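Colleague: Assemble the complex: chain W is given as a structure, and chain L must be docked to it using the hints.
Take a look at the letters that make up each chain.
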Amino acid sequence: MQSKKLGEQTYIFSHPLPILSTGSVVGKKEGAGPLGSSFDEIIADPLYGEKSWELGESKMVRRAMDLALTKAKLTFADLDLMFGGDLLNQLIAVNLAARHVPVPFFGLFGACSTFAEALGLAGIALDGGFAAKVLVSASSHYQTAERQFRYPTELGIQRKQTAHRTVTGAAAAIIGTSGGGPALTGITVGKVIDAGVKDINDMGAAMAPAAVDTIERHFSDTGRKSDYYDLIVTGDLGSIGKSLAQDMLAEAGYEIKNNYADCGVLIYAPEQDMHAGGSGCACSATVFSGYFYSQLITAELQRILLVSTGALLSPTSFQQGETIPAIAHAVSIEKV
Amino acid sequence: MGQIVLNLFIANKFSTEDATGLTATVMVAIGALLTGLGWYDVLGKFAGAGSAVPITGFANSIVSPALEFKREGFVLGVGARMFAVAGPVLVYGILTSVLVGVVCFLAGTGGG
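As given, the protein sequences belong to chains W and L, one line each in that order. The numbers in this note's numbering rise by one with no breaks, and the one at position 244 of the first sequence is 674. The numbers in this note's numbering rise by one with no breaks, and the one at position 65 of the second sequence is 72.
Chain W with its partners taken away, still in its complex shape (with noise of 0.2 Å):
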């Protein structure tokens, strides 16, 4: 049999596999930013009608499950497999999700870069021939992640310029082995990278040198020039770690300054004062299914390379001094 790794981190699907469809909700922050009108449905109660955030969370999941589903006019039936995750403690804002839904399901901890590793999980699934049609999932909520993590939301602090704001949204994507549309054409698996960052309100400085890594990997491994793609995403450097990951890369030999774009650089405008951008697993999952699908489907786009980050980080390893490591996984996304 073939090997389908490419070089040392990369696999190269067999076939494209099309993504049938997207499904994406956001907050009332998120929907107010520039890229607010792209996305399915904009929701203006973080409670979204529910008894705490957490299950508020959880409703954006499955509404963002049923988006998708309906959009490719597909029930939980059809699908042979389900991958998703979020930022919270064990997961619960899609485990309370999954409970309700009949389908196998594998719950991910990649951080911020949840919706990559799942589109890549998937691809490997579906090539693999373990699987006909798999749903994808992330989310992330501003007031579940800063309880968790940071502070009380109503205390009264100052945030970092270099501070980033969890993105309050979910999204979900189908993806298919036959069918039309954008397709994952393959994935290049990030390895965790610490730089030695120890400041929580400075996650861009810690996520560049992964999505770098990853991205110099993806490049060497395939060959491919950096101009192949019309663009590459990162999910959620922030304007700090944009720059900080262009200035790498330059160094590295690759200029990519006419095609990079990062999700939370593009999802807050700059007079909404979100510091250095978005963050979260949501960032990239709704930034890519609402923005850059529609983009790929009437072919604006036709190749994006989106580098999904994370800072894996928890309360109980930064207050205990640990420093910072981060993940960047990237996946290709091709108009065939």
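It is possible that some hints are incorrect.
[Claimed, not checked] Residues of chain L placed beyond 12 Å of chain W at every Cβ, according to the derived structure: (1) Gly9; (2) Ala18; (3) Ala26; (4) Val33; (5) Leu50; (6) Glu75.
[Unchecked claim] Using 25 Å as the maximum straight-line C-alpha spacing, the simulated SDA-like pairs for lysine to any residue come out as follows: (7) Lys481/W / Val33/L; (8) Lys628/W / Gly94/L; (9) Lys77/L / Leu521/W.
[Stated by the list, open to error] Simulated restraints, written as ranges between beta carbons of each label pair: (10) Gly84/L / Ser433/W: 50 to 58 Å; (11) Ser433/W / Gly80/L: 50 to 58 Å; (12) Gly94/L / Gly479/W: 30 to 38 Å; (13) Gly94/L / Gly751/W: 16 to 24 Å; (14) Gly80/L / Glu701/W: 45 to 53 Å; (15) Phe748/W / Gly84/L: 37 to 45 Å; (16) Asp660/W / Val49/L: 39 to 47 Å; (17) Phe748/W / Gly94/L: 17 to 25 Å; (18) Ala36/L / Glu646/W: 53 to 61 Å; (19) Gly84/L / Gln750/W: 22 to 30 Å; (20) His530/W / Val82/L: 28 to 36 Å; (21) His445/W / Gly94/L: 51 to 59 Å; (22) Pro532/W / Pro95/L: 45 to 53 Å.
Don't read these hints as lab results, they were simulated from the structure. These figures come from a predicted structure and were not determined experimentally. Note that CB positions come from ideal geometry on N, CA and C, so glycine has one too.
Modeller: Structure of chain L alone, referenced to chain W:
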């Protein structure tokens, strides 16, 4: 802010000592009220240390976790988490006062 309240009390024939205590009480109540209304975090964004250092900030640091963890119940939520932010201030504030007391005692100044 505090000075205005203090002057009001003194103008209403309270002794300076009573007025100081009453002012602190009023400022704590204002801090707690603004937190409950969801305004203190907005104030904190603009005022920074100006809102964090005075006693209103101390009220905010107790009321905000109490509100936040109400959904985990009154015992394990509000009760257990209320001092999550202010707890260290209390522990080290009291510890410092004890240490100063011991030093003063040994130095023979006997608490002034």
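Colleague: Take the hints in turn and mark each one as holding or not.
Modeller: Cross-check of the supplied hints:
no.	hint	verdict
1	Gly9	16 Å, holds
2	Ala18	30 Å, holds
3	Ala26	26 Å, holds
4	Val33	18 Å, holds
5	Leu50	6 Å, violated
6	Glu75	4 Å, violated
7	Lys481/W / Val33/L	33 Å, violated
8	Lys628/W / Gly94/L	24 Å, holds
9	Lys77/L / Leu521/W	21 Å, holds
10	Gly84/L / Ser433/W: 50 to 58 Å	53 Å, holds
11	Ser433/W / Gly80/L: 50 to 58 Å	55 Å, holds
12	Gly94/L / Gly479/W: 30 to 38 Å	34 Å, holds
13	Gly94/L / Gly751/W: 16 to 24 Å	19 Å, holds
14	Gly80/L / Glu701/W: 45 to 53 Å	40 Å, violated
15	Phe748/W / Gly84/L: 37 to 45 Å	23 Å, violated
16	Asp660/W / Val49/L: 39 to 47 Å	41 Å, holds
17	Phe748/W / Gly94/L: 17 to 25 Å	18 Å, holds
18	Ala36/L / Glu646/W: 53 to 61 Å	58 Å, holds
19	Gly84/L / Gln750/W: 22 to 30 Å	25 Å, holds
20	His530/W / Val82/L: 28 to 36 Å	30 Å, holds
21	His445/W / Gly94/L: 51 to 59 Å	58 Å, holds
22	Pro532/W / Pro95/L: 45 to 53 Å	47 Å, holds
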